[in-house]
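Student: The sequence shown maps to residues 1 to 216 in our numbering.
Worth double-checking, as some hints may not be accurate.
Stated by the list, open to error - Here are the simulated BS3-like pairs of lysine-lysine, each with C-alpha atoms no more than 25 Å apart in a straight line:
id, residue 1, residue 2
1, K72, K5
2, K72, K20
3, K171, K5
4, K171, K145
Everything labelled a hint here was simulated from the structure, so no lab data went into it.
Given the structure is predicted, the values throughout are model-derived calculations rather than measurements.
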Amino acid sequence: MKRAKISSNVIRRLPRYLRKLDELTYDGTDRISSSELGRQMGLTPSQIRQDFSCFGEFGQQGYGYNIETLRKEISQILGMDRGYNIVLIGVGNLGHALIENFGFSGHGYNLLAAFDVKPALIGTQFAGVYINDMATLPDFLNSNKVDIVVLTVPRRAANSTAALITDCGVKAIWNFTNIELSINNPNVLVEDIHFSDSLLTLGYYLTDAASPGSDD
Numbered sequence: 001m002k003r004a005k006i007s008s009n010v011i012r013r014l015p016r017y018l019r020k021l022d023e024l025t026y027d028g029t030d031r032i033s034s035s036e037l038g039r040q041m042g043l044t045p046s047q048i049r050q051d052f053s054c055f056g057e058f059g060q061q062g063y064g065y066n067i068e069t070l071r072k073e074i075s076q077i078l079g080m081d082r083g084y085n086i087v088l089i090g091v092g093n094l095g096h097a098l099i100e101n102f103g104f105s106g107h108g109y110n111l112l113a114a115f116d117v118k119p120a121l122i123g124t125q126f127a128g129v130y131i132n133d134m135a136t137l138p139d140f141l142n143s144n145k146v147d148i149v150v151l152t153v154p155r156r157a158a159n160s161t162a163a164l165i166t167d168c169g170v171k172a173i174w175n176f177t178n179i180e181l182s183i184n185n186p187n188v189l190v191e192d193i194h195f196s197d198s199l200l201t202l203g204y205y206l207t208d209a210a211s212p213g214s215d216d
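When you get a sec, could you build the whole thing from the sequences and use the hints?
Tutor: Structure follows, in structure tokens:
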């Protein structure tokens with residue numbers, strides 16, 4: 001049964017909760033109240049309870065949340081138990097870094113393969129991931145269940161590559177190309193990652209703090 005539509009703000013807080021629960025587990029904490037969780041995360045207890053109520057009742061009155069149980073519930077909501085299959089397209093500096101450092105398996109994802117057009121890369125491996133010839137991508141996508149494509153190709157190749165993979169039935173793209181993809185299929189999910197957004201946001205707050213009339 002599909003859940004009622006849930007705010008994207010709630011969904012984007014779930015990975016934050018997961019990270020905090022991992023920290024608490026590492027520190028040896030086994031349960032926590034909504035008040036303490038809110039204090040540590042900069043959220044109100046009512047916001048936390050409201051967020052979790054979108055998916056069910058995870059805590060107990062007077063007891064709080066069992067961290068192991070709550071983490072399991074959130075990881076299931078985020079699909080970490082589904083074993084989604086991923087391929088990465090574009091093994092430049094960023095693609096290479098993601099393969100070697102991101103830790104897809106630790107988040108419950110299977111990175112099956114990577115693809116590139118550079119002859120020097122084709123046939124090599126990074127962190128156990130084989131780099132295939134981009135020309136073989138359609139056959140691979142048609143022969144394997146691929147849930148998500150990580151797109152790290154140059155901007156000039158972004159839309160043509162996106163069209164190719166969606167034509168092959170891929171329903172989700174993690175887009176690092178720094179452009180908004182032109183995809184006409186409403187059933188394709190795209191998560192755009194713009195590294196500059198975080199830096200520019202930080203720049204705004206730094207500038208605002210130094211402006212006349214600030215609280216400094």
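Student: Hint by hint, say whether it matches the structure.
Tutor: Structure-based check of all given hints:
no.: 1; hint: K72 / K5; in the structure: holds (22 Å)
no.: 2; hint: K72 / K20; in the structure: holds (13 Å)
no.: 3; hint: K171 / K5; in the structure: holds (19 Å)
no.: 4; hint: K171 / K145; in the structure: holds (11 Å)
The structure shown violates none of the earlier numbered hints.
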